[in-house]
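**Q** Okay, here's what each chain looks like letter by letter:
4 protein chains.
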Amino acid sequence: MASKRVAVIGASGYGGLQTLRLLHEHPGLEVSFLGGERSSGKRWSELVPFLPLAGDPVVQTPDPAAIAEQADFAVLSLPNGLAAQLVPPLLERGVRVVDLSADYRYSSLAQWQEVYSGEAGQLSRADAHLCAEAVYGLPEWQPEQIHSARLVAAPGCFPTASLLGLLPFLKQGLIDTRGIVIDAKTGTSGGGRAAKEHLLLAECSEAVSPYGVVGHRHTSEIEQLATRVAGHEIQLQFTPHLMPMVRGLLATIYCRLRDPGLTAEDCGTLLASAYRQAPCVEVLPVGTYPSTKWVRQTNRALLSVQLDPRTDQLIVMVAIDNLIKGQAGQGVQCLNLMAGLEATTGLPLLPFYP
Amino acid sequence: MASKRVAVIGASGYGGLQTLRLLHEHPGLEVSFLGGERSSGKRWSELVPFLPLAGDPVVQTPDPAAIAEQADFAVLSLPNGLAAQLVPPLLERGVRVVDLSADYRYSSLAQWQEVYSGEAGQLSRADAHLCAEAVYGLPEWQPEQIHSARLVAAPGCFPTASLLGLLPFLKQGLIDTRGIVIDAKTGTSGGGRAAKEHLLLAECSEAVSPYGVVGHRHTSEIEQLATRVAGHEIQLQFTPHLMPMVRGLLATIYCRLRDPGLTAEDCGTLLASAYRQAPCVEVLPVGTYPSTKWVRQTNRALLSVQLDPRTDQLIVMVAIDNLIKGQAGQGVQCLNLMAGLEATTGLPLLPFYP
Amino acid sequence: MASKRVAVIGASGYGGLQTLRLLHEHPGLEVSFLGGERSSGKRWSELVPFLPLAGDPVVQTPDPAAIAEQADFAVLSLPNGLAAQLVPPLLERGVRVVDLSADYRYSSLAQWQEVYSGEAGQLSRADAHLCAEAVYGLPEWQPEQIHSARLVAAPGCFPTASLLGLLPFLKQGLIDTRGIVIDAKTGTSGGGRAAKEHLLLAECSEAVSPYGVVGHRHTSEIEQLATRVAGHEIQLQFTPHLMPMVRGLLATIYCRLRDPGLTAEDCGTLLASAYRQAPCVEVLPVGTYPSTKWVRQTNRALLSVQLDPRTDQLIVMVAIDNLIKGQAGQGVQCLNLMAGLEATTGLPLLPFYP
Amino acid sequence: MASKRVAVIGASGYGGLQTLRLLHEHPGLEVSFLGGERSSGKRWSELVPFLPLAGDPVVQTPDPAAIAEQADFAVLSLPNGLAAQLVPPLLERGVRVVDLSADYRYSSLAQWQEVYSGEAGQLSRADAHLCAEAVYGLPEWQPEQIHSARLVAAPGCFPTASLLGLLPFLKQGLIDTRGIVIDAKTGTSGGGRAAKEHLLLAECSEAVSPYGVVGHRHTSEIEQLATRVAGHEIQLQFTPHLMPMVRGLLATIYCRLRDPGLTAEDCGTLLASAYRQAPCVEVLPVGTYPSTKWVRQTNRALLSVQLDPRTDQLIVMVAIDNLIKGQAGQGVQCLNLMAGLEATTGLPLLPFYP
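Protein chains in written order, with our numbering: chain Y, 80 to 433; chain Z, 80 to 433; chain W, 80 to 433; chain P, 80 to 433.
Hints were generated in silico from the structure; no laboratory data involved. Any given hint could be a false lead.
Copies of the same chain look alike in the list, so a pair counts if it works inside one copy or between any two.
[To be verified] Below 20 Å or equal to it, Euclidean Cα-Cα: the simulated SDA-like pairs (lysine to any residue) are:
#, residue 1, residue 2
1, Lys275, Arg117
2, Lys250, Glu312
3, Lys275, Thr367
4, Lys250, Glu421
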């Protein structure tokens, strides 16, 4: 069977680099178009000497017509707000899109405009119907919709880890939906490749600090799907922390069991059963806690649960690689489903340790 | 005024090294005895070529009589269980002690024996009266008792950060005492200098992971003082995480305000007012969040609060250096009080950044 | 074609873990025996929860007869001195061996006994003939001999990087063979997984230091092959430095051109031509210098040259991953040749960046 | 005796921050003027919440007249080229200057214009007489000239470490002046606080790479003083490498002894004797090699020598903190001499380890 052709837009950022690396060895998908704004016109080997691509292509301006001619799918790895300019013309021309930005993660355009008010202020969008149409690209939750979608909005690292840990318990109605706390820890690569003072090694090394405390944008994104799955509105606490490391994300989720009769093992069994068909999710035995290093450069999510019988507090721990399962690997997993391939095709699941 | 003489026992571990470095420039205290078990008989410069001491002393066996002859105070930086063997004979001989281990942090010997059952099993202790007598060495909470104490049990990094953030709110009865969550992040130096596989750079770097989830020993220590200050029993969630960095500790504390009328600024003001007389504690403006790097190698605790008006969840963030304010600096601060000096004498409060 | 069966001995150390990870996805080789000394009798998933193996095997004592029954090849990842006890009985039973230790890297047993005098003192060896027979496993230099060898002694990270940079110039007689300086920088994983104080994150982080200055064991190993290729005895300076990172090795090699007429571009062309048939070696354009991050978790060596026309000093820079091209990947590359497969089968050549 | 008043210009960069931190506790110097270009008009606590200054001053435009009114000395921590605009008017007004940039490190303006051609192209300088007058601020080599200087050009980290290791041997004529190789390893803070992609943690972590190979600017600066001390022209090889750490610099210097009769101990003795009057330099025993961690956040240089009797190659290792002895501490050491104080006044010499 011939490989499907994929356009990668935003190729030299971290999301683009991961996507290219993953597709490099992919048996069913091939990169047919390399697009970028800032890097347009430059030869690939000058931009990225360490990741040679066949034919050493020149990065192209992401022109929808040219993309449509050369690709069946497009993966967009662009700053928030830019994807929304490219998606409508691509869909019109029959290109199916996986967007790694936040532009289509809310089913309501109005909510996006409120949460991303800065970006919204610089951009006039008239694609509320596409927001409503877009499928939220968490393959563990709605694989069928992703399979047939024209437009998939792949969630980033924070919502992915948070939702994988929370949704099974919310769906079963097992936890108190008030008082949920998500304390998340992430590597600095989540901040992207553009130079920023606070992401310098000299600033981040030997430093741990919270940011975006109360009201971080991803709070509402997590709440949107949590509310949908729970069946009633959920407001929770999400606090990200910056870690002195490149990649990896750990979400420690605190919530309270409704039914004091359950044990940690029961909760682990429930999780494992929820993800029985999910080849990228694995639940560790009770008492074994995940390290971000165990999933580094893989598309795997490692989950573990623990319970305090004194307080009925349930602690769900989720580790992922923020750039793979939390970004580009998720995108490829969605592409696989859209292309009718096995979800894990071309995706590494085991780490090189240490 | 002549300097007081201090014996430092356990000199070549991290706690000992910090204590020696702090006392090196101290105007009112001087090291008069260098003791250690494993390093006994060795010349200092061979053990520690990077921290020259006057006269290049030989490390001595910590014999109580010899210590009493040469020192007014002793700082014990020993593994749990060992201090309890040395403290009774030292006190008998009139040496006042600051113990950096957990041996006297519980006012009940029985509770220590339960929480530290491994150590207790190898050691017969008959010093319940000393457990009851020992003062918990958190200088921000009971400076007068420390001033006149014979025996001070200085708390370590996790309880120090947790309690500094929680106690003012508990004392005022402002927060719900159920559902308190402390998510703590610490550097690897907290695990000590003895070689352990899981603390190798190859294992810890690029890795974030929880450990001791539910039932970590420091939970009960935090609860002991929290209960005392709140006036009724408190059970809380304490979850430590290992960070890929040497030093620094951040505690992110989640709790719920009882009075929904308060603002984040009100809570900040309350904190600042609680620590008005505490020269080592500083409260940051609302919206400025502490980094462990801002307090590295200082005896300062940086606090910040934030509030989610939707959920009345209060978030208190506390950053300290785990080896200074969370260990040796705390010990010196206690020594200062015991010796009638200013609390901050000889203690660095500002970092070299970055 | 059926996969060849491979025994991996020393499975839970870093060399073993890399080997298992590489063979996990290998299309022509499969792990059929898992052996270890310390971990013998333990179930794999308890030892290494993050790298699930099919069937979750129990680690076995490395008994030669059992290995011979179950495997065509054995990869030994054991401390120096131990391999020499296992290799003779394995060869007798027809198992072809790739040894990752130093035991067979010298063609003279006497020299091994001199350089590894500590290990030699505890072990009586009578296998001088095997030392003479063993092929030095640098696939870029004698692929044919490796192809037909019974016993391959794969070089470690320092000799691999040093020799890849030096040998082409020595072979052509282009550089002064006196005054060669190799300044090498390595991550801490090269020190292995056993707990050692000086490899703790708290000790290594924010630290760069030389070690083994003058007379490091690998000096003589590098000199052995350099002498062989140059055709006359070579004595050089090799100085390793420990870097605050997990993996990666950079060798900066300083030597003097004999012919002042050559340019840096000439030297680069010469290098590229020497490695035209070597799919794991790539020469960067003059002016582009390799980073260890560009080869992390790959079996690739990146080389670059620069020349100071004022002094005729030639600088050759070589970056490899110390655990892949400098250890386990090298071993698999040798196995591939021995099994009649393409050298790069199953070996990653491109990094996940960053 | 009243404290001398010091203006710090370029206060919020790394050089400025170190200078302020050092002067904060200085018994003989006090900061009287805080200047900066980009940060002008901003309140200090908003710029730098972690380093409170008395009175929380507003950063001022560095106007020479205002500086002269408020300060006896000025420390300039500005990008290359900018100091040369400020120095002439300051000297005219009687302010004595320590410049941390390269603007006055060459005694010949023409050479500066050649080496810093980019900066020179944007700036017309007519202060060749000041280049000739300026004293090179390496306090270990010309303390008297610094004492009486109006203008001191303090060398940065690379020349400081390189020269401290080389000069004693050059002065005594003990080494071959051809073939000297300096392989230097530095933390990323040397690249400053301005955001640059290649200094992001995500880029630098787990990465070691050379840069500026052949022809790096500091080569000529090192050669200038080496030539002066040796008495004849010296051309050497200087190769910097970027390390995955914040601060610290190690220079490994390779050269050849002229007199084969000397031992490593002889060379160590010679070094120690050269620095007998230098309180910030310490020579380690032969066989003990310096770590950058041993000098972190101190103004100390640690030196060690080793010798290969086979090749007469001498290896001199020098570790410093790049921001203290390699920048701001050096500046304060010069200020101390200029102000008639002890060289080490207010300068930390011992590290907090680890």
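**Q** Against each hint, give a clear statement of whether it holds in the structure.
**A** A quick look at each hint next to the structure:
1. When the C-alpha separation of Lys275 and Arg117 is checked against a cutoff of 20 Å, the pair qualifies both within a copy, at 17 Å, and between copies, at 16 Å.
2. Taking the shortest alpha-carbon separations for Lys250 and Glu312, only the intra-copy value of 13 Å comes in at or below 20 Å, while the best inter-copy value is 34 Å.
3. Taking identical chains as interchangeable, the C-alpha atoms of Lys275 and Thr367 lie at most 20 Å apart only when they sit on different chains, with a minimum of 18 Å there against 36 Å within one chain.
4. Taking the closest pair of Cα atoms, Lys250 and Glu421 never come within 20 Å of each other, the shortest separation being 26 Å inside a single copy and 50 Å across copies.
Hint check: a violation occurs at hint 4 only; the rest are consistent with the structure.
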